[in-house]
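Number of protein chains: 4
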Amino acid sequence: MSIVLGPHQYGKAENRIVRIYRDSPRHEIHDVNVSTALRGSFDAAHLVGDQSDVLPTDTQKQTAYSYAKEKGLESIEDYGLVLARHFVDDVEPVSGARIEIEEYAWERVLVDGSEHDFTFLRKGQETRTAAITIEGKGSAQKAWVIGGFKDLVILKTTGSEFHDFLEDEYTLLQPTSDRIMATSLVAQWRFFSPDGSFGDIDWEGTYAGIKQIMVSTFATVHSLALQQTLYEMGKAVLEAYPFLAEIRMSAPNKHHFLYDLSPFGVSNDNEVFNADDRPYGLIQASVLRDDAPDAGPAWTIAGGFA
Amino acid sequence: MSIVLGPHQYGKAENRIVRIYRDSPRHEIHDVNVSTALRGSFDAAHLVGDQSDVLPTDTQKQTAYSYAKEKGLESIEDYGLVLARHFVDDVEPVSGARIEIEEYAWERVLVDGSEHDFTFLRKGQETRTAAITIEGKGSAQKAWVIGGFKDLVILKTTGSEFHDFLEDEYTLLQPTSDRIMATSLVAQWRFFSPDGSFGDIDWEGTYAGIKQIMVSTFATVHSLALQQTLYEMGKAVLEAYPFLAEIRMSAPNKHHFLYDLSPFGVSNDNEVFNADDRPYGLIQASVLRDDAPDAGPAWTIAGGFA
Amino acid sequence: MSIVLGPHQYGKAENRIVRIYRDSPRHEIHDVNVSTALRGSFDAAHLVGDQSDVLPTDTQKQTAYSYAKEKGLESIEDYGLVLARHFVDDVEPVSGARIEIEEYAWERVLVDGSEHDFTFLRKGQETRTAAITIEGKGSAQKAWVIGGFKDLVILKTTGSEFHDFLEDEYTLLQPTSDRIMATSLVAQWRFFSPDGSFGDIDWEGTYAGIKQIMVSTFATVHSLALQQTLYEMGKAVLEAYPFLAEIRMSAPNKHHFLYDLSPFGVSNDNEVFNADDRPYGLIQASVLRDDAPDAGPAWTIAGGFA
Amino acid sequence: MSIVLGPHQYGKAENRIVRIYRDSPRHEIHDVNVSTALRGSFDAAHLVGDQSDVLPTDTQKQTAYSYAKEKGLESIEDYGLVLARHFVDDVEPVSGARIEIEEYAWERVLVDGSEHDFTFLRKGQETRTAAITIEGKGSAQKAWVIGGFKDLVILKTTGSEFHDFLEDEYTLLQPTSDRIMATSLVAQWRFFSPDGSFGDIDWEGTYAGIKQIMVSTFATVHSLALQQTLYEMGKAVLEAYPFLAEIRMSAPNKHHFLYDLSPFGVSNDNEVFNADDRPYGLIQASVLRDDAPDAGPAWTIAGGFA
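Chains as they are written, first to last, in the numbering used here: chain A, 3 to 308; chain B, 3 to 308; chain C, 3 to 308; chain D, 3 to 308.
FYI, nobody ran anything at the bench for these hints, they're computed from the structure. Quick caveat: nothing in here was measured; it's all calculated off a predicted structure. Hints are all accurate, no fakes.
If several chains are the same, the list does not tell them apart, and a pair holds so long as it fits within one copy or across any two.
With a cut-off of at most 20 Å between alpha-carbon atoms, the simulated EDC-like pairs for lysine to aspartate or glutamate come out as follows:
1. Lys144 - Asp296
2. Lys125 - Asp153
3. Lys213 - Asp119
4. Lys152 - Glu109
Produce the entire structure from the sequences given, and follow the hints as far as they go.
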């Protein structure tokens, strides 16, 4: 028996890069949070403190900022692919790279009813996400791209039921045929590229389309359970986009409890609720094509680490 | 010399009330966080633990929820006034009440281009606020109403300079004639009501108008300092609304530092920035009418406590 | 009627300064978060964007870091006094300064039972605070010093009652003679210095003493209300330290609700609780000497701004 | 090609259970945050909204609270095993369960130098964690137990170098032979039980021992890289506890940058630092026995979901 080094990676997390395009009077803004992680045989750094194969995390940072200008930063999926490929292709000891990106949306301020050229308000609640993984050198290289969002806070005031569930001796919950259903949705979808280049995907249009489909489906499906709503949302997305292999959703059931006003002689016909903090239900589900290619390391967050 | 009880108050903080109006198929939602605080002679509770003058914080909570139905919850300023007056008018030992409210905005989901009747997305970033103070009983009763918002995140990519500042031996800052200016604005405005009733104010229209004026002014004023921009924003608001006595603004200068790409031979003409976290400049300014009535306890947050 | 500039101030918030003393093998660490704010006649900056009287917030930052070495950073009250006096004494347009400081405590790691010379763990939960205000130049200069802590999380599992309270038609709360009492205490005490120099106060010993008195009193007072416990804590502190003019406390009543296990035939004699998040009671009280000197601007947080 | 349901699970997250033992005048407190997740064939709930196999998340909550009394809540690993086995053994459609627990530590208040019987202060910074996974029914049942902590904030003011690293055209970092090294450590260790019962493990003693070994090793290893320090910490833990199969660590390199005081003519010999927020290095490494049994689903957080 002996003790050995297991999986490991290292990088620079949360580079807060803001990229302005100002080639015309109408500026564009891309506001992102980029985390890099490199994988490879960095055993010497761990075992004897030898850094000769270790590209500093500071260098990873410098590269991320410089690439925002050199290579551009428009779609985060493209930027992430270029950055990840650079680390694997150009840094000899690096066998794999993972780039995780969050993007914060801005919308133009309206002045006298017209969009302003260079002033913006932070938009909405949700954060767009991407996770790009590259493994292998040369012709053996493979790429995986995941898009997504988090913190999409959505609520319906009716059109949601929950009843006829399994009961045991600890079951106190009463069935309901009309409740508020609310969540702060995390969704991640895995792109499929037959030739591995991801060269022809309309990243921006796809993002907008997926979000609209998910939001519309949440609204229009009469829900018998959050599980059912999630499945229908995922199914509708996969049906619309054949280049998506799967979608994963994590949905806290943000409980809104009907407040009991009967002690005060006040009726409450689903009008006054307490928005509770904790605990909350947590529903997690994935929907996939049955011929989806293998996910490989696509979902491995930070090399298997929480 | 003796040791005595000083100012004190107590209440129930952060009641997360969600009020749905569902009288028609097109539901409305008001999503608020209500904090109550009562003032009066509660000396016995402190000195000898005698609660006979203390209306429990739980009762304050029950009242806040029940009033959302009994009295309605549309404009938070109206709701706060009604709730505060109840505590002062109807609970004998209470001589003053302060209600602080946050409101979270929602917007309707679009389905096939039409607004959905009962499904909503959390909207924007800013939180609307109100603080209502009532003091005194009967004809001696006075009221103060403050409206506002917080976390309005706004940024302009140009149109901001900073130079010709005071220098001393610790001054390293370089002047600039073109920088990003960004803040997460807190603004609070104090309403003035000649008869103290606040009966004829269009709370919703005023809120929308103030926000639009502030955002437009931020966009269109060519800024020589954040101080100047804030003053112009406040002045424009007071000019538009004669029933506002003053406005206070607190604006973190969210620094976006131009990233130095010159070591890599890459130009950076205000294109790539690092969005820094801490430290940040913090600019605070108020604008008022020179004949504004006295603010009294309007601004006293939680009875003088942080 | 005209519109005018009201109270204003500006500074650099949240400078995260870490000061190491390494004059002997046994290092010392002071880990602080310093916010500066300057007051004076900065009207030109607001009205016409003229910065000639404005010492940049960047300069304030540089000074705060340099003074940590030049003047030393041991007791935060001393450091704050020196820094505040510098801004008022040495920068002509500045008439007042406020320095707010948080200090994070560290404790030495134990290795083989002995304290290590230069390795530390973050200690405890509470953050020590100070707020120093200087106003006026030369012989007219006055100083105010507030010490304190926040986030002192304390709980007792018994020895707390609540009953015989005022009831109205919204009162549902049941009286109790045995409950958990828990809070996350904020306390701030105002020092009094007859000659205004604060020259002979043992800042470190006083802090440790106040904390011990407050914690002991919380433990040993049989509580009929959180108000009573707070008053006794404040009174004991003022009795022990004659150079304290007053103490202010803000105490969320962190509710621990007894969980109803009776549906499962399980007894629960104050053994299983739900630690609730929101809403929470919020009790705020001050205790002072009846001959306490005027507080002046000591408590004015950020110039009257929230 | 068809679209199908993939991996899924559901449960109740963040049950904030506080368990008091009061059988003697000296009370004990266990303060935990419990999340449950059930796995099985819940296809009907997703596909057609049929809940007949779904034990409500509310029931999972009720069970978690009731078990804190019925079965006791002392070591979180034991409590998690009992709760997970109940769901798998006693609820027919459930084939697997995962229980994740955080525990917040408290220490007794000192009164006149003695530990108080029933008053406690929140202790330290780190949160203890556990993750228990049970899969399979009857004799095929298997169990995995992970212990750990997060937010252990540790810093050394010297004894850390970083140099002789790989350089490319984006490398600006200067080598150093003396720097602050600080992290907020997350560690998780996987227990090994030959008979799968985990019956003879001293959970409390092991936790205290692992923490002491890690902290001591961080202090005493002269560090050439955070990677090296982490490896030595993990190796020391595995050498001390033969019933641990592996340990995983995630360590943000909390940068403390030496502040440049030279423009002011002030020396700074590793005395004044800026504690930076973002970005930060992130080093992740695992150490394991080369004969460690397979991890199975032990590390699968929330069924593969972030």
